[in-house]
Every structure is written in C-alpha cells, then in structure tokens.
Amino acid sequence: MKPGSQPTRRTVLKTATAGAALGTLGFPGLLRAQAASIKIGVLHPVSGIFSYSGTQSRAGALMAIEEINAAGGIKSLGGAKLEPLLADAQSKPDVGAAEVERLNEAGVAAIVGPYASAIAIATTQAAARHNLPHVVDVGTADQVVTRGLTNTFRFSPGVSTIVNFGIDSLVRINDAAGKPAKTVFIVHEESAFGTNTAKVLNEELPKQGFQVLETVKHANPTRDFSNIVLRIQAAKPDLLIPANYYDEYVLLTRTLQQQRVAVKGVYSILGGGASSYKFVKEFPDAAAYVMDCNHWFDPRKAAALALKAKTEKQGLFFSYEVFLNYNAVMYLADALERAKSVEHDALNASLASSTWDKHILPYGPTKFVNGQNTGARPAITQVLDRDIKVIYPNEFSSGNVVFPVPPRKT
Amino acid sequence: MRMALVIAAACAVALPLVVTSDFWLGFCITVMLSTLMGAAWNVLGGYGGQVSFGHAAYFGAGAYTAALLGMKLGVNACVALALAGAAAGLVGLLTGYLSFRYGLRGSYFALVTLAFAEVLRILAGAVDWSGGGVGLYVPLHVGAANLQFASKAGYYYVALALGAGALLVGWAIQRSRLGAWLVAIRENEDAARALGVHTFACKLKAITISAALTGLGGAFYADYYLYIDPGIAFGPGVSVEILLAPIIGGLGTVWGPFVGAIALQGAGELGRRLLGDAPGLSLVFYGVLLVVMVKFRPDGLIGLFGRFARQRPAHA
Amino acid sequence: MLEPSILLPAAINGLTMGAVYALIALGLTLIYGVLHIINFAHGSLLMAALYGVFFLYKLLGVDPYAAMAVLVPAGFVAGYALQRSVIGAIKPGRDQNVLLITLGVSIVLDNLAVYFFSGDTQTIDTRYSLEMVNLGVALVSLPRLIGLGAALVFTAALWLLISSTDLGRAIRAVAKEPHGARLVGIDVDHIFAMSFGIGTACLGAAACLLLPMFYVSPHVGQVFVLIAFTVVVLGGMGSFTGALIGGLLIGVTESLGGLIFGESAGQLAIFLIFIAVLLFRPTGLFGSRLS
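Protein chains in written order, with this note's numbering: chain A, 1 to 410; chain B, 1 to 316; chain C, 1 to 291.
Take the hints with a grain of salt, since some may be wrong.
As the list claims (entries may be wrong) - Computed spacing ranges between beta-carbons, pair by pair:
no.: 1; chain 1: B; residue 1: A150; chain 2: A; residue 2: D285; range: 53 to 61 Å
no.: 2; chain 1: B; residue 1: G266; chain 2: C; residue 2: G180; range: 40 to 48 Å
no.: 3; chain 1: A; residue 1: Q314; chain 2: B; residue 2: A172; range: 54 to 62 Å
no.: 4; chain 1: A; residue 1: Q314; chain 2: B; residue 2: R101; range: 53 to 61 Å
no.: 5; chain 1: C; residue 1: V77; chain 2: A; residue 2: G72; range: 53 to 61 Å
no.: 6; chain 1: C; residue 1: L60; chain 2: A; residue 2: G72; range: 44 to 52 Å
no.: 7; chain 1: C; residue 1: L60; chain 2: A; residue 2: D387; range: 27 to 35 Å
no.: 8; chain 1: B; residue 1: L98; chain 2: A; residue 2: Q211; range: 53 to 61 Å
no.: 9; chain 1: C; residue 1: L7; chain 2: A; residue 2: A309; range: 38 to 46 Å
no.: 10; chain 1: A; residue 1: R172; chain 2: C; residue 2: L139; range: 30 to 38 Å
no.: 11; chain 1: C; residue 1: A89; chain 2: B; residue 2: V142; range: 51 to 59 Å
no.: 12; chain 1: C; residue 1: R127; chain 2: A; residue 2: A262; range: 19 to 27 Å
no.: 13; chain 1: A; residue 1: R172; chain 2: B; residue 2: L274; range: 48 to 56 Å
no.: 14; chain 1: C; residue 1: R281; chain 2: B; residue 2: R175; range: 39 to 47 Å
Honestly, the hints are just simulated from the structure, not real lab data. For each residue, glycine too, the CB sits at the ideal point set by N, CA and C.
Could you put the whole structure together from the sequences, leaning on the hints where they help?
Pasting the structure below:
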C-alpha cells in the first residue's frame, strides 16, 4: 500500500518550477493537508459545444464522490477520502489529452470521463501511456473499447449494443401490438453516432420485415427542419426513427407538432431529447408517447430515485450524464476497495475483474471483457402522463407501452 | 547572434532530457505544431500580405491524406507525411489559382478561403469512403515508422523538426528574391506589378508553400491524436487557431510565429490553471488576453525582443 | 418527391428562413460597408441579444415582439460602446488586428454565456409559437411569416435612414471617404460607432424575431454567422437591398437544394454560390455601395 509512489513524483520535481508551482493553484477544493486522500481526475468538456453535457457529467461524478466520502471513504485504505481534481476538456480532444497528462502528474489514481467519444479516444490513449486507469463515463463509440487498451473501462453500453437492443425491442413491441408498423423513416445527425446508428438500422431492419422508406441525414447544427418534415409527410411512414442531439431533436419534434404530422410512433435511438426530463417538462405535447432506446436508470432502486431527487434539488435535470457518471465513480470506488491499493496495475486488475452489482442501472450481471461491461444495456422508455417510464426490459418496467400512439389532439 | 541560435538549437534538442514531464513535453509539442502552421501561414499572410481565413483546408487535406494513405493503402507514415504535404500544397495551388486569377484581395480573398475550407468540410462529411461524418480512427500501431511513439519525446522531435523547418523556410524566403517580391506585393501590389514583379506567380508560390507546410501539420496531428473528423480537420476554429500565432507574434518576421505560439499556448494554459474549474472562465481569460495583446503590441509581441524584430516587421 | 405539393411549401420555407438570414445580415453589411471590418463578433452579439429576449420573457413575461422596444435601443448602446471603447480604439489601418479584437470579443462573450447560463439550450413557448397560417398552397408558421414581414420593413427603414437623413448622409460620406469626411468636420469616430450601434440594434431586432422559432444556447451564434457572411457577400457589402434579396435567395437555394439533392448538397450549394459570387462578381448582386 504505497499511495502515489509512481515515477510521476520524481518527474514532477524535475519539471520546470513554473509548472510545479502553478500546478497547485487552480483547485479550490483540495487544500486539505490530509495525506490519506485518493485523487481522482474528473475530466469533462464543461466549455465548448458539449458544455451542457460536460457540466451535467461533472455534477454526477461529484455527487458520487461526496456520498462515498460521507459514508467513510475507501475503508480498505484506512478510510481515505476521494479528492476530485477537476479538469475541462473544452470539447477538444487535444485539450483533453493534455489535461490527462496534467492530472497524471498531479498524482491521480484514475480518470473518470470525458463524456464524448472523440475526446475519449485521445484521453484513453494518453492515459494508456502511463497505464493510468481510465473509466469512460459515456463515450458510446465502439472504438473506445476495441483498441486493446488495458487501462480503459466502460461500464455503460456502446452504440452497437444500444442499436441492436433497440431493434430487438422494436420488433417485440411491434409484434406485441399486432405489427401495425411496417414502414420506417430515419432522420439522423451527420456525425459518428447518427451515421453509425443509421447504418446498422438500414442493415438490420429489412431483415426483421421493416421497410426503410427514407434515411435523411442532417447537419449539426441544423437551423430548420421544415423540409425534412415535409418529406416525412409525403412519405407517410408508420414509424419515425430519429437519432440526434438535443437541439435538433427539439426543433424536429416541434416542427412535427406544428405541421400536425401523424405517425404511429416516434421511436428514437439515442434520441437527444427523448428520454430527457427537460424536454418533457418544456414540451409535454411534442414529447407525448415518444419512445427512446437510451441510457436509463433502474426505477425500482431507491438509490436511483434518491439521486434523482438530489439532482433536481440542485436545480438540474436528471439526465443520463448525471447517473452514468455517478455510476462510473461508484464502480471505481468499489474497485479501489477490492484492490486495497492505488497502484495502477492493481487498480486496473480490480476494474477488469469487477462484478459490482450495487449499481442503479437496468443491466445484466457485471462482467468485463476487454474493458467493456458485457452486462450493460440500454432501456426502452416512453413518455407517458408527462413522465418518462421504462417499458422494456420487462423486469424494470414502470409503465405499459402505448403503441400505436393515439392520434394527436388538435 | 549565431551563438545564440546554436545554444537555442542545443537546448531544443536536449529538452526531453531535462523536461521529463509528459505534460510539459506535450505543451512543447503543441507549441511546435502551432509554430509550424503559424510559420506556414506567415509565408502567405505575413510576407505576402494575403490574409487567409481558410488554412484549415490545407490542414485537413494533409490530415486526411496521411490518414487515408496509411489506413487504405498501408503507406509508411513518413512517406505519407511527405505526400500529405504535397497534397495540401496542391489544394493550395488550386485555391490560389482560382482566387488570384480572379483578382481577389483583402477581405474578399479572406472570405473565399473561408468558403473553400467549408466546402471541403461539407464534402468530407458527405463522402462515406473517407469516413464521412463518423471520421477516421487512425489505428494504434506504435513504431517509429508509423510516426507513433511510445514516449512523448519521439513526437517532440518530429514536431521540433517540422516547426524548426518551417521557421527556416520563413528565414529563407525573407532573404530571397521571392521574399522581396512578396513584401513588395504586400505593400502595394499594383505598384509591384508596374515595376515588373510577376505578382500572380509569386502569390501562387507563396500559397503553395504555405499550404504544403500546413498540410504537414495536419498529417502530424492525425498520427498524434489518432482521430480526425470533418470538424476537427476543416472547421473554422482550426483556421482561426492557425492565424492567431503569427499575427500575435509578429507578421512577416521569422520568429514571430514561434513567439506567438508560446504566448497563446501559455495564455491558454494559464487560463486553465487559474480558472479551470469554472466552466468557460478560462476561455474568457484567453479572449481578454488576446484583445490586450493586440492593443498593446499591434506590431506583434516580437517587438518586445528589440533586435530580433528588426527584420522587416508588418505594416509601415 | 418533386411534386409541386412539396416544392412550393419548401420554397416558401426557404423564403421565410432566408428572411431570418437577411435580418441577421443587415447589421453585418452595414458594419462592413462603413467600417470595412469583418465582424467576427456578430454571432456572439446575436447570442447575447437572444439571451436578452429570453430573460425578458422568462423573468418579466415580456412578449418577444414587444421586447424589440428594449432590445433595439439596448443593442444600439452596446454596439456603440463596443466600437468606441474596444474595437475602434486601436491604430487604424491594421485590418487583421481589428479582426483579432472582434475574435477576442466573441470568445469572451461566448464563454461568459457558458459560465453564467451553462451550456443549457433554452426555448420559449408563446401562444403563437406553433401557430400556422394557411396560405392555400402551404401552411406557414406564423412567427416565420412575421419574420418575413419584418425583414421587408427593416430593410426599407434602413434604406430610408441611409438615404434621407443627415445621419445617413454622414454615414455614406464616412463609408466612401473617411479622411475627406473628417476634413469637412464629420466626427468620424462617432459615425463609426453609430454605424456599429445600428448594426447591433438590427441584431437586437433579429433576436426578437428569431427566438419564437428557434432556441438560445451559448453556441447559437455560430449557427448563423457563416451564413450571414455568405448573404452579405452575395448581396453586396454595404447594400441593404442586397442583404434582403441575398438572404431570400440563399434561403430558397438551401431549402430546394436540400430537398432535391440532400441536405449536404444544400449546404454545399450555399458555399459554392459564395465562392462563385466572390470570383465572378465580388461586389455582389447590388454592388458594394452603401445603399
């Protein structure tokens, strides 16, 4: 048990004095002289285009750290408290990577973050050079965990898992309702997740008997969806499948509402606004009956509901960034407990062998293969009665699916 | 002066032996990369006076060329780097030909370069073969031949060579006839033409050199960060970052881009240290510093270094 | 796909969207026409104005259209002050330095917004946000129709200001020949600041018209700024009629191009037009006189 005895200490001393001196300046919360604290790098894009998701993520991570410390810290390490070292990736991969170096030299035991896949590629790479454990909070791109890095761990599902689960669930829901939906219209954003989602949908849906009428790609940002909605109206699909970020999702659904477009259901996959309390609160009519295949929490767990209440008390919406980060830190803390050490090798081994099941997510049994938790999966939610209910998997469901959706009230 | 240069060169080469902090080595790499592209931009914008807002077009062309050559054709990374520079140079030649042939100058030239970069960005997003909106994940194959190094020092030396090389190009141009012609064009293009300077050819040469060097930076970026997408390669943010260093440092001087690169990266880092916890404040600090630097040193920070600035600074 | 039943509504959508572009470009073209600076801060200023409208609505219940009474003068004052104290207060003749200053201003504004308002996207929901007007051939959103009308009104108002008032004459003089204008006793710095202020006042109005049909976030400025530049170039730098017609044209091209050839093609078309205009007719459709 030798906290902080990595080579980094020597290198910090050797570094230009400016760097070492400045290194302690910017962190308000850390001035405790406690020797027995474990530094955790909390790295998110709190400025730049991902700033909303970044701040939500940071909030979730900090809530977890607070709870762990309040409950006595890491008991197997003498009650050592977790000390967050905050870092801003500024929504850029290069800044993220540089911050990893800085955090590493500040002596962090692990990094949690950085929300976005593009940034995660750079940060996990940088961390790998030092064998520094890196828990990826969201970062759904498959490449995040398929590069053979032994320091990279993702507890939540990747995009392939999510899309495939989404398709399976769609088939089930459709079958259970007597197959009312045959034709599909896909609207996706232009970057990685949208394009990948659309690609898989186009491959798999026909095999399940659906006909994809059209697949429309749109830019980030898109200023206007009127024409796309015109095309939807002309194509008259049974089902609309959107995959985009929050802003565009809002514009799209509002335009649909405005133009009084009626489909049998809106089934989004990683929909930017679908399973978003913010969206439901601000646009209850546009949000009604929308289904989403997305990250979600287990509504049966009291701890999840408690976290939701706590988040809302802070004036924040309980979004996926919050609970996934909360969860990532909890997973890390459990690994620290079992490793009884902050050494990189020990911690990496502990993270890889984790079977931690005290989480608040609707997952199967925890088991890590190549850094990915194979028990991870999304949930299918639907907006019912101005609230978001889980409709699938059944064991977590808190509501019954309504499909096809009732006609719009005019 | 020569002695100072030799000492500086020795220090630069010996740097990784003293600075073993990966963070500060990374900082130096970013500074050298910024110097490379700043010096590249300086050839066209500083000496030639043609302000380009679209250098991302050349950066991205270099990045995509290098990444695609490696991923699709298995070309050795060093060769790919050189070819990336050539490809970017070609893009520069084409955009330069169109712009100068139709007599675009000043703001019009600046805007058309911006448009070229945007066109490339949209195309990169639309063509699936080169990754489309998903971008390209450059495979991790550590090895010097792949320009992927296990330690940061390797990247540093490559970046140092590229950055120093670009500064050398700037120095060579400044002492050459091409340089003299470019300055003449910058000061008064019509008069220069009247005096017999082949303005069209000179500007084309300048933009090609400028683009090629920038493309090398793009290729390095791809091998260093291992991920590019249309926004990272061709976005307007990239063009802005490229032009900041030479303007802040000192247009039309040899060391201006280097001084500017250090100042800007330093300002960014200082902002992050002091204010990093509060979202956005570090960038507010950076923006304020930018305005202050321009107001108090309109000729560029190089003016602070007296002697070194005596080489033909920006405008009269 | 290409039936008139879709093409016509799409064209009308394009017109109304183009009107929004025109509104944003009006201020930019004036600033360029008089001060000859490419205002990098334009998008950020629009963002600030949008937040202004948003908070007036959320905190004081002021209707966005009514908020114009506040935003237009506020925008004017802000722009005047900005030009006078920050942007204009450097040695003239250094174009790239002015650029960097407007860039610095935009970075500061964008990130102050991130700090104060967090990255959250905000929308407002007024009674009429989702109202549609039936034009027979198409259904058009009411806020967008109002925007189209406003664009016409504002263009006319600006044209009148520039052509018929003393201030307008002074502005034209300064735009054409600043040294000569100074020699005949015009306070050039004041006129520069007035022009910048009028430009930002236009943004204030544009924000009021935009928020009911869009959203606001710290990055919303970037969504429109490049398009605004394209409109200004197409229409002719300094021409209000140009900004209006240019905006409408760009809107329709984007809309029909996107519909027929795909969204990427629509975006591409805009920039190809941009390049073509710059190469073949740099003064734009209406020339670069202040008109």
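Practice problem: May I ask you to test the hint 40 to 48 Å on the CB atoms belonging to G266 (chain B) and G180 (chain C)? | Solution: About 44 Å separates the Cβ atoms of G266 (chain B) and G180 (chain C), which means 40 to 48 Å holds.
Quiz prompt | Range agreement (Cβ of D285 (chain A) with Cβ of A150 (chain B), hint 53 to 61 Å) | solution = holds (57 Å)
Quiz item: Can the suggested window of 38 to 46 Å be confirmed for the beta-carbon pair L7 (chain C) and A309 (chain A)?
Solution: violated (52 Å)
Exercise. Note whether the CB distance of L60 (chain C) and D387 (chain A) lies within 27 to 35 Å or breaks it.
Key: holds (30 Å)
Exercise. Given the hint of 30 to 38 Å, check if R172 (chain A) and L139 (chain C) actually sit that far apart at their C-beta atoms.
Key: Once the Cβ atoms are compared, 37 Å apart, the range 30 to 38 Å for L139 (chain C) and R172 (chain A) holds.
Quiz prompt | C-beta pair Q314 (chain A), R101 (chain B): status relative to the range 53 to 61 Å that was hinted | solution = With a Cβ separation near 60 Å, Q314 (chain A) and R101 (chain B) satisfy 53 to 61 Å, so the hint holds.
Exercise. Starting from the range 48 to 56 Å, see whether the pair R172 (chain A) and L274 (chain B) falls in it by beta-carbon distance.
Key: This hint holds: roughly 54 Å between Cβ atoms.
Self-check item: Status of the given 53 to 61 Å range, CB of Q211 (chain A) versus CB of L98 (chain B)
Solution: With a Cβ separation near 45 Å, L98 (chain B) and Q211 (chain A) fall outside 53 to 61 Å, so the hint is violated.
Quiz prompt | C-beta pair Q314 (chain A), A172 (chain B): status relative to the range 54 to 62 Å that was hinted | solution = holds (59 Å)
Self-check item: Distance restraint hint 44 to 52 Å, applied to the beta-carbon atoms of L60 (chain C) and G72 (chain A)
Solution: Given about 48 Å between the Cβ atoms, the range holds.
Quiz prompt | Pairwise beta carbon distance, A89 (chain C) to V142 (chain B), judged against the given window 51 to 59 Å | solution = Holds, at about 52 Å.
Exercise. Indicate whether the distance between the beta carbons of R281 (chain C) and R175 (chain B) respects the range 39 to 47 Å.
Key: About 40 Å separates the Cβ atoms of R281 (chain C) and R175 (chain B), which means 39 to 47 Å holds.
The structure is inconsistent with the numbered hints 8 and 9, although it conforms to all the rest.
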